[in-house]
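**Q** Protein sequence lines, in the order shown, are assigned to chains H and F. Oh and the first sequence: position 18 is 18 in my numbering, straight run, nothing missing. Oh and the second sequence: position 92 is 92 in my numbering, straight run, nothing missing.
Since the hints were made in silico from the structure, they are not lab data. It cannot be assumed that every hint is accurate.
Covered by chain F, per the in silico footprint, the following chain H stretches (three or more residues, Cβ under 8 Å) [stated by the list, open to error]:
| no. | region |
| --- | --- |
| 1 | 6 to 20 |
| 2 | 41 to 54 |
Derived pair list, reagent style DSSO-like, types lysine-lysine, alpha-carbon separation capped at 27 Å [claimed, not checked]:
| no. | chain 1 | residue 1 | chain 2 | residue 2 |
| --- | --- | --- | --- | --- |
| 3 | F | Lys418 | F | Lys694 |
| 4 | F | Lys138 | H | Lys67 |
| 5 | F | Lys192 | F | Lys244 |
| 6 | F | Lys244 | H | Lys57 |
| 7 | H | Lys57 | F | Lys192 |
| 8 | F | Lys244 | H | Lys67 |
| 9 | F | Lys694 | H | Lys67 |
| 10 | F | Lys418 | H | Lys67 |
These numbers were taken from a predicted model, which means no experiment stands behind them. The beta carbon of each residue, even a glycine, is placed where N, CA and C say it ideally should be.
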Amino acid sequence: MLRRYRTVENLKVRECARALRIEDPFLASRLTAMGLLPGTLIEMIRRAPFGHTYYIKADGVRLALRKEEAQSILVDA
Amino acid sequence: MNAIQVPRMPNIALVGNPNSGKSTLFNLLTGLRQKTGNFPGVTVDIKKGRFRLPSGREVELTDLPGAYSLYPTSADERIVASVFSDPSDPNYPDVVVYVADVTHLEKHLLLLTQLLDLDLPILLALNMADAAETIGLKVNTVKLAEKLGIPVVLLSSRTGENVSKLLSEIEKLLEGNRPPHKGFYSLNEQEKNVSEAIRINAGTDNSYRSLLLAHHYSWLPKLPAPIRQTIGAIVFDKQFNSLKRQVDETLERYDRFTPIVQATVQFPPRFPSTITDRIDVVLTHRWFGPVIFALIMLLVFQAIYDWSSVPMDFIESSFGWLSSALKANLPEHWTTQLLTDGIVTGLSGILVFVPQIAILFFLITLLEEVGYMARVVFMFDRFMRRFGMGGRSMVSLISGGACAVPAIMSSRTIGNWKERLITILVTPFITCSARIPVYVILIGLVVPSKKILGFLSLQSLIFAGMYVLGIVAALGTGYVLKKIMRTRELSYLALELPVYRLPHWPNLWLTVWEKVSAFIFGAGRIILIISITLWGLASFGPGDSLPSAEVNARLEALSRQLSPEETENLVAAYQLEASYAGRIGKIFEPLIRPLGYDWKIGIALFTSFAAREVFAGTLAVLYQLGDAEKDITDADENETKATLRQRMQAEKFTDSGKPVYTLATALSLLVFYALAMQCASTLAVVRRETGSWKWPLLQFAFMTLMAYAGAWVVYNLFV
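This is chain F alone, in the form it adopts within the complex (with noise of 0.2 Å):
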């Protein structure tokens, strides 16, 4: 993409088994300096960040996912094994830093052997050496730096203890100063005759990276046709049986591996690990597991609709009186508009989400640090399969809860395809952080807030309510397809279920962080493009309609002999209804009518088919422009909220009359937004993960009839 050859700057990748505390030494290394992504525009399908070595010198750190083998069984593992198999793939590194947990080390050293034989600069970082402290494991890194012939350095990710002997053994591999390349695991006389074929057919430049291509010809993404059919011509004429093949190298690995580990790491004499063991018979107790899980959801659920209301309000509150301050200050010209009504009112819209965002990542990443995630896939993994999903679909569809995106690039995790692809075509169901203000502002407006038995809020009920539509959409989908989808692919769920630990904290403000600015300057930016094109179009029309629309107005409150106040209302109104957005949403209100929206509504609805958290956002630029002079003359500003539902309120269809926001409406608009597939980054992310348009275009066909029909259906039970 770079017009400009700049010399490359060197790639050092972070290589390791999943629980490896691979990412806590990735933060620890690059910090902030991390390619925030996963929205469209700035998708990174692996995560990339820079830092420099003693001597000054800038490189960039690569974390693949974490991984077994290089003979994946899932999405995630098959990116390593694609990386390594190909020293053209620009993710190929310079250096691997291999990251090991020393406590499991006999568990953790087949990757690395794996590694070695494919001879490229390499080092063994042991993490965790202050839980191998605590436990009293010793283990003699020189003894185990000879045996394996690499540098090994013992370190903690969680401490920084030894960190910067990383940094200097790195700048030696770079700088060329490596030990002599020993090979780890010798081919049998089969894998010999094919790596060998494959060597001189497809110039490999090293035999175990020969054989890799004899086990993954068939799906490495950059091979050439031609070579894939010789590969595939070789492998079938010498009756190379991969599977078995993988099995018994792996065995001969670890025949191999486990006298060096022996001889190198003293174990204690009893393995203390019953912290772990006495928490999970609580957590994944056959009955309090699920009752647990039920109550931590609820807490989730209460904290994002709690503890967000303060920040929100002052976020809402500040933004108003900007804008009154801006407007009151400069003079009355377009320009001043489009900095209060377009820009100001955008930008309000996107920061007021930033909260409600901040808290549900903080405490899914929390649930996922601590280890919990893991167990939830265990107790759900036979709930969820009755729904065509796995118990890894769990993680997805409960990150769907903050966003859809990051939920479904977590679906990589998930081996059987159809598993995964069911997975990534029912998590845009689950409510996510951005219908919550939509739900706020209709459910406010219609729903009377009262009690029921004494206690419980109708408003809150019907907001749980909205929650629940979204997990009987997913899974009612899920079923669906698991009928109508055809695979033979095996399924497996075979995870391992890490040891608890306390979160590390820089992880979790780290991730935060990285997902909050994601938001602001990813999703925000479309956000903020559509408000001032939205504003555009409500300001201005074809010809000199506005002019004439305004005419028109004052006529007929002259007629009607209206207050001046009511009289420039009516010109707002008439103006709008001229303007480019009252002709865009005119020619929507037929198709919609049926639902009981207006063409307001409209706007509405078709600004919130790129992001639906525009709806909020549309609706206050739509009513500001429509009646302008109130805001300047409120004195509290605290009220926009207030003053925004008033006008909703009052709002009447043209031509009956009668009330647009009935209980009807806006149940009715409730169970558009729960339904409808309203989210360009999710569109985008589904096409990347599936790698074509078909399924990200079957989605938003399937998910907008759905919203169509229920919004039909609950029109017509209500009105």
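With the rest of the complex left out, here is chain H (with noise of 0.2 Å):
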């Protein structure tokens, strides 16, 4: 299958992007509910010592991602 947009997951460190939707319902209550919603400003800040799990800051709130958390949420970069 041929991806369109880029998700969170391939953000470099330090990279800025806009998150575009979530493409898991769940997890989209969940993030949303927690204030990551289309349109929030999301950078990649590091990744986990054993991997798999990333550090963000959307909207300068600051998320503990896992990989397919990560992979759910499209952004527009």
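Fit chain to chain and form the complex, with the hints in mind.
**A** This is how it looks when you write it as structure tokens:
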């Protein structure tokens, strides 16, 4: 399948992008409640020691996301 | 439960997102007037306390778990959603105090707007006024109050600023003095249909609450089955897509309140948050992060071991002194023995733990308070997933180093049921503070106090090895359970990493006080009852078995020409063997003999199944009884510990005459205590958190089995 969008997982450290939408409905419910909405500016901060986990900033709020979660958030960059 | 119906005290609930400073406000308002809990008998799901309003009226305060929304993703959040879904819930509040972090107001209002639609007396407490001032953030509370249609108070739960204003606003709301209700969200066509159908069929009073039932009918605990079915049929009939509606509703709410925040809050030009970022560069660093974590854990370990030894020695020697003084001054009677050998020994066995428990909870709460635990969750999520758990399980496992009971309760933040269940099942393997004295006695008994490589003490090395054994057992069992259990439920991390803050000391002291008092009055009560019962069982026997045991002992002593002191020892030993406790121990002996234990250890094991910390006390009671004379003649009371050790070393099997406490026996006992489920409190809390007896029983079975097998292997390796 051709990937048309990049996701948070593809962001390099220090790279910023705006969230477009969250594909998984359950995660969408959780993340929107935490303030990560379409249009939110996301910055990749760093990867976790054992990998597969990401430290991001969404509109100034620091969040820890798993790989699957990061893959679920489509971004515009 | 109350036989007499008293007029119910008004119930005020604190609601808010995690990290809103809600618990600090709770502590500030209630102080020491909290219901301490988390041990059987005083178990509470939700923290409660009391405080007085300016008029002198006393009210109850409920601290509901932190939640982002009424659409829950964890057991913690479910508590909040279920309370507000049902006005007849005993925790349904008369007034809601919604706590929001004013410096992140745009992220903290979602849940408030949901509560606004439930039409209940509510006010907004804008917390962290002190932090807002520092960063130069200004908020127009009058305008905000007008837009939201509820009272707004800007306060600081840390400095206490404006808290009196909060109290008088609560009082006004309680008196029914509230602004007219303003709804926030307008239901769309489909939601209206569903809500209306539910209102007619389930008799709900409010359209948004009816909508909540449409979202939550499948899991709400108290919903009657017919209503559950009816709502299920409505949801199916109207093709109501819960998850999609949740997201759309949430976005709609943001669209409405974001302009309100922008119109009322004046943000500083640059959001200064660089301190947290700079700390995290080091603390969550790929390599430094885990190393620093290991160092912190070592420090905690060192603290329990080191800092507590002085107060522990003091407590032990004071009780030893008290016991001897009582024996010397009171007439020789069984009530004196009950007092000294039963009650005082038992009390000493409880209080001696207090320093360790206090230090452990202090340090773990400190890590939590400053915001470090969330970083641990972030760093170890991937690692823990290999063992069927998630990053959040780290919080439970670390807390398990103090006590499994609150550790298991902290698993409520884990959203995925399988991960949570595995965490609950393996947490009791982690070396808790109750195991420490058992280890100290046994290691001191058989491991020589020599140094390896000149500086490493062999004893502390084995001690550290016991911790490693606990961790390996927890992770290994997690790995096996991960392979066995199946789930299709989604697992997530999505965790907020809070800003680092200096610890708020009153919070820390209150938590430590709460845990220590829960231990003394909750677990301590059980230990004391067991000590007294045990003393009774060891001091009395069926019929005239005790007097006849004495006669037999004296005859044997005469024939062996023993000294008067040795004669008394022999009498005491024979009497103990003939007592109820001796008989019970003898019944167990064949079962535990393959592990290298005699019947006295059998009694200790038997009593330990309610609470493992009884082990030391049991041995003290048993060997004390076996040698009652010596204690009185002992000049130096500070040597009570040493004499218990000497007595244990002198202990021999009655049939073979070989010493009981060899290296093999002690190691076998160590492994047994490391792996066995010997804690009634933990079983009770597992029952409560999992909602059935199936899991605690399974846990008890596999832990005991592992303990027996492990102890047998170790004994046979070393014997």
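**Q** Tell me, in ascending order, the numbers of any earlier hints that this structure violates.
**A** 1, 4, 7 and 9
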